[in-house]
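Student: Chain by chain, the residues:
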Amino acid sequence: MKPVSVTQVNEYIAGKLRSDLNLKDLPVEGEVSGVSESRGHIYFSLKDNESIMRCAVWASNRRKMNVKLIENGKKIIAVGDISPYAKGGSYSFSIRYVEAYGEGALMAEFNRIKTLLQNEGLFDSKYKKPLPKFPKTVGVVTSSTGAAIEDIKKIITSKNTYTNIIIFPTVVQGAAAPASICENIRLANELNSDGEREIDVLIVGRGGGSAEDLAAFNDEQVAREIFASVIPVISAVGHESDFSISDFVADVRAETPTAAADMAVADTFDLTDDIARYRSLLSDAMRRKVEIQRQQLSGIAALAYSNMTAKLQLSKMTVEKAILSLNENNPRNILRKGYAAVLDNEGHVISDINSINTGEEYDILLRNGIFKAKAGPKERRPE
Amino acid sequence: MTEKTFTEALGDLQNAAGEIGKQTVSLEESMKLFEKGMKDAEYCNGILDDAEQKIEIYDKNGEDDAE
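These protein sequence lines are chains X and L, in that order. Each residue of the first sequence is one higher than the one before, counting from 1 in my numbering. Each residue of the second sequence is one higher than the one before, counting from 384 in my numbering.
Since the hints were made in silico from the structure, they are not lab data. Note that beta-carbon positions come from the ideal geometry of N, C-alpha and C, so glycine has one too. Be a bit skeptical, because a hint or two may be false.
With a Cα cut of at most 16 Å, we get these calculated EDC-like pairs of lysine to aspartate or glutamate [what the hints assert, rightly or not]:
hint, chain 1, residue 1, chain 2, residue 2
1, L, K415, L, E402
2, L, K443, X, E183
3, X, K136, L, D433
4, X, K47, X, E31
5, X, K136, L, E391
6, X, K136, L, D432
7, X, K154, X, D267
8, L, K437, X, D274
9, X, K153, L, E435
10, X, K74, X, D48
11, X, K136, L, E439
12, X, K133, X, D267
13, L, K405, X, D284
14, L, K443, X, E196
15, X, K136, X, D267
16, X, K24, X, D81
17, X, K154, L, E439
18, X, K159, X, D267
19, L, K405, X, E291
20, X, K133, X, E190
21, X, K126, X, D48
22, X, K136, L, E435
23, X, K75, X, E212
24, X, K159, L, E435
25, X, K378, X, E360
26, X, K68, X, E31
27, L, K422, X, D274
28, L, K437, X, E198
29, X, K74, X, E183
30, L, K443, X, E190
31, X, K47, X, E29
32, X, K159, L, D432
Chain X stretches covered by chain L per the calculated footprint, using a threshold of three residues with CB under 8 Å from any CB of chain L [stated by the list, open to error]:
hint, stretch
33, 55-61
34, 127-137
35, 262-272
36, 282-292
Could you build all of it, start to finish, from the sequences and the hints given here?
Tutor: Here's what the structure looks like:
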């Protein structure tokens, strides 16, 4: 057999590799090592326990993918083609897409649970409970050692000297986390129903971390426990860009534990100011009201007085007029003018000729005396 | 009468402060509002002043560990 050249062998193998469809769009999982960059291209290796494979991300592809995942020691899933380099007798894995190892599975599970619970109505706004305005006690379901609890304590104590904090030490990542979170949400509710505590609002969450670190808050049972909580729940998981199932099912989502603490409690220093303001408002209004009433009262009194005076004046005048008229008509004044009055035997004045009987005696009244006279013949005259 | 919550008392105080200034409210009503409002204010302040903030790590296995 005639020997072939090295080039021929390499070209032949390269052609085989290029034409094999199994080596196109191939997803490969492995750990990143030996990352280097040159002229915008990224070179590294993917390895597992036994083998290693050279990889490249060409500059033209790197903007389309999350190259931050390509970090020494990180496990990734990369999708690309096996591309041979005939002259060197080698091949490398030319990558077009990367994701963190396990991310796809996590995302699929996230979407499955989200859809399931959504269809059951667990995210409906009609189930959202309002947060109390002035909680006396805030329960916190989180790790007792993480940054989250320190942030929460710091915010609450800076806003008031009023709200108590009960921390339920909770495992927030790893396999034991979902059960621990569920147990403590249940415990908080039991303490309330047993009358042992009066927890007004519950913060459930943790500080930032990787998608795997936050996974417990995407757990179906955790979501159901949050939904079942009688105590309003604020979900506070990771950073503002992190969304978890517990955010959807909780009564309120907070972007961070700090934000959760901030929305949970009122600023009582402001409140004290408010109360003082209301007090002075009450006092001022009361003073004004009394003043207005006093003014009205004095106005009315003055009116009453002047009306009364006028009335008195009028009455006085009427009396005087009456007296005058009385005097004018005093019969004695008439007698003084030389007139006389005829009286019957009962002393009544007779003014009608018909009451006079001829031959009868009558009293005749003069200014200064009285005498008897017998009636002579009478004659009626027209009045 | 059961004791008011802080929220109720503060709400009543806010309400009294709003009502008392109205023209249509009589002097007698105003006096009642004033008296009640002042009581609510005192009550609220009392709660805020007396409150001793407790931070507690709940230990489900037994003793509470209060700070």
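Student: Look at each hint and say if it fits the structure.
Tutor: Here is what the structure says about each hint:
1. A threshold of 16 Å between alpha carbons decides the hint, and for K415 (chain L) with E402 (chain L) the separation of about 11 Å falls inside it, so the pair holds.
2. Taking the CA atoms of K443 (chain L) and E183 (chain X), the gap is near 10 Å; set against the 16 Å cutoff, the hint holds.
3. At roughly 12 Å between alpha-carbon atoms, K136 (chain X) and D433 (chain L) fall within 16 Å of each other, so this suggested pair holds.
4. Between K47 (chain X) and E31 (chain X) the CA atoms are separated by roughly 5 Å; this keeps the pair inside 16 Å, and the hint holds.
5. Pair hint K136 (chain X) plus E391 (chain L) holds up; C-alpha atoms about 13 Å apart against a cutoff of 16 Å.
6. As the CA atoms of K136 (chain X) and D432 (chain L) are separated by approximately 13 Å, the hinted pair is consistent with the 16 Å bound.
7. The straight-line distance between the Cα atoms of K154 (chain X) and D267 (chain X) is roughly 13 Å, inside the 16 Å bound, and the hint therefore holds.
8. Simply put, K437 (chain L) and D274 (chain X) have alpha-carbon atoms about 24 Å apart, too far for the 16 Å limit, and the pair is violated.
9. At roughly 15 Å between alpha-carbon atoms, K153 (chain X) and E435 (chain L) fall within 16 Å of each other, so this suggested pair holds.
10. At roughly 11 Å between alpha-carbon atoms, K74 (chain X) and D48 (chain X) fall within 16 Å of each other, so this suggested pair holds.
11. Only pairs whose Cα atoms come within 16 Å are accepted, and K136 (chain X) paired with E439 (chain L) is accepted, the gap being roughly 13 Å.
12. In summary, the hint linking K133 (chain X) to D267 (chain X) is supported, as the alpha carbons are separated by about 10 Å, within the 16 Å threshold.
13. Between K405 (chain L) and D284 (chain X) the alpha-carbon distance is near 12 Å, which keeps this suggested pair within the 16 Å criterion.
14. Taking the CA atoms of K443 (chain L) and E196 (chain X), the gap is near 12 Å; set against the 16 Å cutoff, the hint holds.
15. Distance hint between K136 (chain X) and D267 (chain X) is fulfilled; the C-alpha atoms sit about 12 Å from each other, no more than 16 Å.
16. Using a Cα cut-off of 16 Å, the hinted pair K24 (chain X) and D81 (chain X) holds, with the two alpha carbons roughly 4 Å apart.
17. Between K154 (chain X) and E439 (chain L) the CA atoms are separated by roughly 14 Å; this keeps the pair inside 16 Å, and the hint holds.
18. For the proposed pair K159 (chain X) and D267 (chain X), the alpha carbon gap of about 5 Å is at most 16 Å, so the pair holds.
19. Restraint check: the Cα-Cα separation between K405 (chain L) and E291 (chain X) comes to about 14 Å, which is no more than 16 Å; the hinted pair holds.
20. Distance check on the hinted pair: K133 (chain X) and E190 (chain X) sit about 22 Å apart at the alpha-carbon level, beyond 16 Å; violated.
21. Of the supplied pair hints, the one linking K126 (chain X) and D48 (chain X) is violated, its CA atoms being roughly 50 Å apart against a limit of 16 Å.
22. Between K136 (chain X) and E435 (chain L) the alpha-carbon distance is near 11 Å, which keeps this suggested pair within the 16 Å criterion.
23. Restraint check: the Cα-Cα separation between K75 (chain X) and E212 (chain X) comes to about 13 Å, which is no more than 16 Å; the hinted pair holds.
24. The hinted pair formed by K159 (chain X) and E435 (chain L) meets the criterion: a straight-line CA distance of about 14 Å does not exceed 16 Å.
25. About 12 Å separates the Cα atoms of K378 (chain X) and E360 (chain X), which keeps this hinted pair within 16 Å; it holds.
26. Proximity of K68 (chain X) to E31 (chain X) is assessed by CA-CA distance (about 14 Å); at most 16 Å being required, the pair is judged to hold.
27. In summary, the hint linking K422 (chain L) to D274 (chain X) is supported, as the alpha carbons are separated by about 15 Å, within the 16 Å threshold.
28. As the CA atoms of K437 (chain L) and E198 (chain X) are separated by approximately 13 Å, the hinted pair is consistent with the 16 Å bound.
29. Note on K74 (chain X) and E183 (chain X): the hinted pairing is violated, with a Cα-Cα distance of about 33 Å set against a maximum of 16 Å.
30. Taking the CA atoms of K443 (chain L) and E190 (chain X), the gap is about 11 Å. The hint holds against a cut of 16 Å.
31. Restraint check: the Cα-Cα separation between K47 (chain X) and E29 (chain X) comes to about 8 Å, which is no more than 16 Å; the hinted pair holds.
32. Between K159 (chain X) and D432 (chain L) the alpha-carbon distance is near 14 Å, which keeps this suggested pair within the 16 Å criterion.
33. Requiring three or more residues with a Cβ within less than 8 Å of a Cβ of chain L, the coverage given for the stretch 55-61 of chain X is violated, as only 0 such residues are present.
34. Evaluation of the coverage hint for the stretch 127-137 of chain X: fulfilled, as 4 residues show C-beta separations to chain L shorter than 8 Å, against a requirement of three.
35. Coverage of the stretch 262-272 of chain X by chain L holds. Counting CB-CB distances below 8 Å, 3 residues qualify, and the rule asks for three or more.
36. Restraint check on the stretch 282-292 of chain X versus chain L: 7 residues with Cβ-Cβ distances below 8 Å, three needed, restraint holds.
The earlier numbered hints that this structure contradicts are 8, 20, 21, 29, 33.
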